[in-house]
Amino acid sequence: MDLDAVLPFIILPILLLIATLSHIITIIIMVVIGMGTLYVVSRPRQKNRSPFFFSWTLSSGICMFLVFELGVLRLLEITQLENFIFLLLLACTCYFFYKMKAIADYELATGSSKGKVYSPVLTADSHYCQICQIEVNEKFFHSIWWDCCVLRPNYIHFLAGQVFAFGTLLVGVNLGLTTVCQPFVFYGTILLPQDCEDVYYEFELAICFVACIYGVGYLFVISIVLLHQLLVYIPKYSEPQWRRLVNVLNV
Amino acid sequence: MRHAYKKKILYCGLVIVGVIIFLHPNMNARRTYDFIEKRNILEHLYDQTAQNFTSPAILDCDYHDILFDDTTMSINLMDGDLIEGHRIKDGGEFHPSDCKPKFSTAIIVPYRDRAETLRGFLVYMHMFLRRQNIHYRIYVIEQVDMRPFNRAKLLNIGAAAAFKAGYPCLVLHDVDLLPLKPANLYACTKCPRHMSSSINKFRFVLPYLSLFGGAIAITSSQFKLINGMSNEYYGWGGEDDDLYARLEVGELKLCRFAPDTSRYHMVTHQTQQKGEKRHKLLNYAKNRINNDGLNTLRYTEVATVLHPLFTHIMVDL
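Protein sequences, first through last, are from chains A and B. Going by UniProt numbering, the letters in the first sequence line up with residues 1 to 251, in that order. Going by UniProt numbering, the letters in the second sequence line up with residues 1 to 317, in that order.
For the record, the hints were derived by calculation from the structure and aren't laboratory data. Because the structure is a prediction, the values reported are computed rather than measured. Don't take each hint at face value.
Calculated lysine-lysine pairs in the DSS-like style (CA-CA distance at most 25 Å, straight line) [unchecked claim]:
1. K8(B) <-> K99(A)
2. K89(B) <-> K100(B)
3. K181(B) <-> K99(A)
4. K236(A) <-> K99(A)
5. K38(B) <-> K99(A)
6. K253(B) <-> K38(B)
7. K224(B) <-> K181(B)
8. K38(B) <-> K100(B)
9. K286(B) <-> K274(B)
10. K101(A) <-> K8(B)
11. K6(B) <-> K100(B)
12. K190(B) <-> K38(B)
13. K253(B) <-> K286(B)
14. K7(B) <-> K101(A)
15. K164(B) <-> K102(B)
Sample of chain A residues lacking proximity to chain B, with all beta carbon distances greater than 10 Å (derived) [to be verified]:
16. I11
17. V32
18. S42
19. P51
20. T57
21. I134
22. I144
23. L191
24. I213
25. V225
26. L230
27. R244
Ideal Cβ placement from N, Cα and C applies to all residues, glycine included.
Chain B with its partners taken away, still in its complex shape (with noise of 0.2 Å):
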């Protein structure tokens, strides 16, 4: 009888520890997370446009019928062309003509070596951002060197550009992520925003809730008071979770749309050489937020051109 109540026990134990490695209670990627209820995103939306922007129309554009647009875009637009008549300026900037926008937004994207991923990218993000009724201009920052991709330090070097150019708010974005949604507005929140939170490569969950790449929203002045991105980055990985450290130190909370409007498509690529120092590093991050960062960015700039859909600069690490 007390036999096999100890192998009860035993039984119950092993059961219990297997729940417990099995279900992995650190890994919580998720479907759904907190977010910004669809009704109140106008209120949370940080109304500002660039230094020297001024609109011809008198009436103020309405963002309320573009939040609640539930069309999903069609990525095969990236393999066509822009629409004639697009009225988009060189150096990829455009502004609605008919009415005034309320946003004005830096798209930022670093890039190297995907010349067929950044066409098609560009024509689709023009395509959906003419939909959106925002002022905005895409900013293509190219690392000309033979080192590995700093996509952060290429971030930092994008965001001075458009802060010269009086851009109030950033959108941090990777050439291979494409927005689904037309209510996926592409201006900044009052808190820094996580956009690409639903990606179809990552099965559309969120890996885990501290993620803030792929493509975020964040105002220049939060980015100042971080002090941008850390320029220590080489290779894949790590940047992001080190801006995410500088969040934290600077007391900023970052918020999310909803999954079903913050889904994105990746498009796929080879897997990039994984930077050997990011976990060193990121140890360190909340340590190294004063001195590295858009305080210590020094770079050459090679080349600065005015495209027809982007301002491409050209940069030596």
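For reference, chain A alone in the conformation it holds in the complex (with noise of 0.2 Å):
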């Protein structure tokens, strides 16, 4: 077993847990949190080759579901529609993440995505992952969070995985934060959190707004990682299709 691949499922849950102190400490760990992975993405991308990534990505998952399903829950606020709602969100977004490696691992081992082993020389189209190790046809980027190359054949489900996941999030911080603090009416049936003061009070309540908080650390994240796809590898993507739509036009 690696260390590495274990390490994320002990240090998130004791930060968390740290966090429940007091307000003052939830935001220092969530800094602390933050400036480690702005640290990761900015070193360069070779010392990057770890599964302690991944291994982060599902653990804050689990985290979070299971403080969702065992604390949030608990307090008898939400209904079962509404923990249908969120279980069905979160189901997609496994699937297409899920879906995502699948095609990863399938592509690289056989598929028409994988390079020449042994060129001497990289064609136009081809690329050499760093973190793989190995050259790679239409690669568009390496996902370390997801320890997967992304490339044109699953570009589309780690999109919807990506969109996916920010409507779980968005759904179960929304859930948690209007449970454990005050909420008010936002616009007929949805509910914003308004008054949160006293949820330290209370190891239970400070746990899911922890929790909560960190997930809304991750909204943000996956809003600048979606906003990235849309300015850099949506055209990208989808250029063959409109330079086709073009041609057309021009016969």
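Put the two chains together into one complex; each comes in its own frame, and the hints tell you how they fit.
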């Protein structure tokens, strides 16, 4: 068993537990996690060749899920329907990310995306992935957080996974925060949290609150990722399609 | 082939177990529930006024318009002051002067140590209740000793005071709850009524069907029938479920108004110290009904003061 792969399952719960002490500590811990992330993404890519990051993602997902199902739901303020919607979104998220990884594995083992192993020179459309340490055709980027090369065939799954993860977190965080905090009616049946002053008096409320704040951090990261995709990769992904369209018009 | 079949069954089993665990069949918070339809409320109401109450007015008050009033009160009212000429008598008693009310209600509020909340509550409640054309009086029962807060016993003491004044209907009310809908009439129905079934703090859901705390309306005779509430619950929690157990013993079914009508605002505050014995007490709730309640109520009354907006009963439990 690789230590790197196990570590996040120990570090993250401990950090979240410490963060329940007071709101200042929560802020400090969130800032520390944020700075750690910034450090990781800013250092040279080949150094990030470790299962640690994928484990971190898994650990975050599992922690937040357990806090929601065992902590927030115990407060008896979530209806079956709301829980069902949350689980449905979560299932979609899991499906798309699973599919993304499965396609990448398949493509890099046998599919057409696999580059020539002994090629002395790189061809125009192939690419050397420093993390997988193989040559890859049609590579978009490598995501260390999913330990997976994102290629043209699985790009759409990556995107759908991010969108659903965003939705799941949004619903989960909103349900969690409106449960532990004093909510107000935003519009119709949509509630938003208003006053979260007294969450630190009880551990049960505090852990839910901290997990929600962590979820808000994730929401922020995912929205940056989605924005980045919108500006960089979606044009790249759809380029052949609109070129085909333009070609049709040219004829 | 057989192997794949087995795998499928395994996955199906896992999915079913997962669904059962994570859909929590025993956790049934709900946005809606069985309630008395608006048009049927009038016939469910228990119309009786206090024994020694006589109204100088000739015409009977009309409650139809109040029940169909759709407005929502603004909680900012509690920060303001009462309007001039409110005609509220000392002790917090009020009755409409232009018509004869059909209902008399004693509103009983257990209280300790939250002066600001109480002030807001009183101002808000008087503004709210004046609109409803009912005869009412607000009793605030304050626990002056240093033991953990005993909400149920304070309510019993308030109920005893209300019986003495001849009130046929009790509303047992928390000081941090503010009703938002004037259509939520503060009168008793023939069934004990859970009034605060849609509180903002609980995301406007009813956490469980047998919840009978917060704000409830019960007739004096029903309250006597179930021997009031238990006197044993010191600290937060449990006493409302105990009361529900008593209703079950007395074969009284509770009722509610529509969620939209039953909206409440909870004023934020620090959570209280939880009662340690509450789970143990709850297990034997039904057995204690005859020897723990109104008939065993012992306390020392420190003072009773008639303030302009409420009757203040200070007690040492």
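These are the hints, each one checked on the structure:
1. K8(B) <-> K99(A): Status holds; Cα separation ~19 Å.
2. K89(B) <-> K100(B): holds, 17 Å
3. K181(B) <-> K99(A): Judged against 25 Å, a Cα distance of about 51 Å means the pair is violated.
4. K236(A) <-> K99(A): Status holds; Cα separation ~21 Å.
5. K38(B) <-> K99(A): violated, 52 Å
6. K253(B) <-> K38(B): holds, 19 Å
7. K224(B) <-> K181(B): violated, 29 Å
8. K38(B) <-> K100(B): holds, 22 Å
9. K286(B) <-> K274(B): holds, 22 Å
10. K101(A) <-> K8(B): Between K101(A) and K8(B) the Cα gap is close to 22 Å, so the pair holds against 25 Å.
11. K6(B) <-> K100(B): Status violated; Cα separation ~76 Å.
12. K190(B) <-> K38(B): Given that 25 Å is the threshold and the Cα spacing comes to 15 Å, the pair holds.
13. K253(B) <-> K286(B): holds, 16 Å
14. K7(B) <-> K101(A): holds, 21 Å
15. K164(B) <-> K102(B): holds, 20 Å
16. I11: The claim holds: I11(A) sits with its nearest Cβ about 26 Å from chain B, beyond 10 Å.
17. V32: Fine: 29 Å to the nearest Cβ keeps V32(A) off the interface.
18. S42: About 38 Å separates S42(A) from the closest Cβ of chain B, which puts it past 10 Å; holds.
19. P51: holds, 25 Å
20. T57: holds, 21 Å
21. I134: At roughly 31 Å from the nearest Cβ of chain B, I134(A) sits farther out than 10 Å, so the non-interface label holds.
22. I144: At about 29 Å from chain B, I144(A) clears the 10 Å cut-off, so the statement holds.
23. L191: The claim is violated: L191(A) sits with its nearest Cβ about 6 Å from chain B, within 10 Å.
24. I213: holds, 19 Å
25. V225: holds, 27 Å
26. L230: About 33 Å separates L230(A) from the closest Cβ of chain B, which puts it past 10 Å; holds.
27. R244: holds, 40 Å
Of the numbered hints given earlier, the model fails hints 3, 5, 7, 11 and 23; all others are met.
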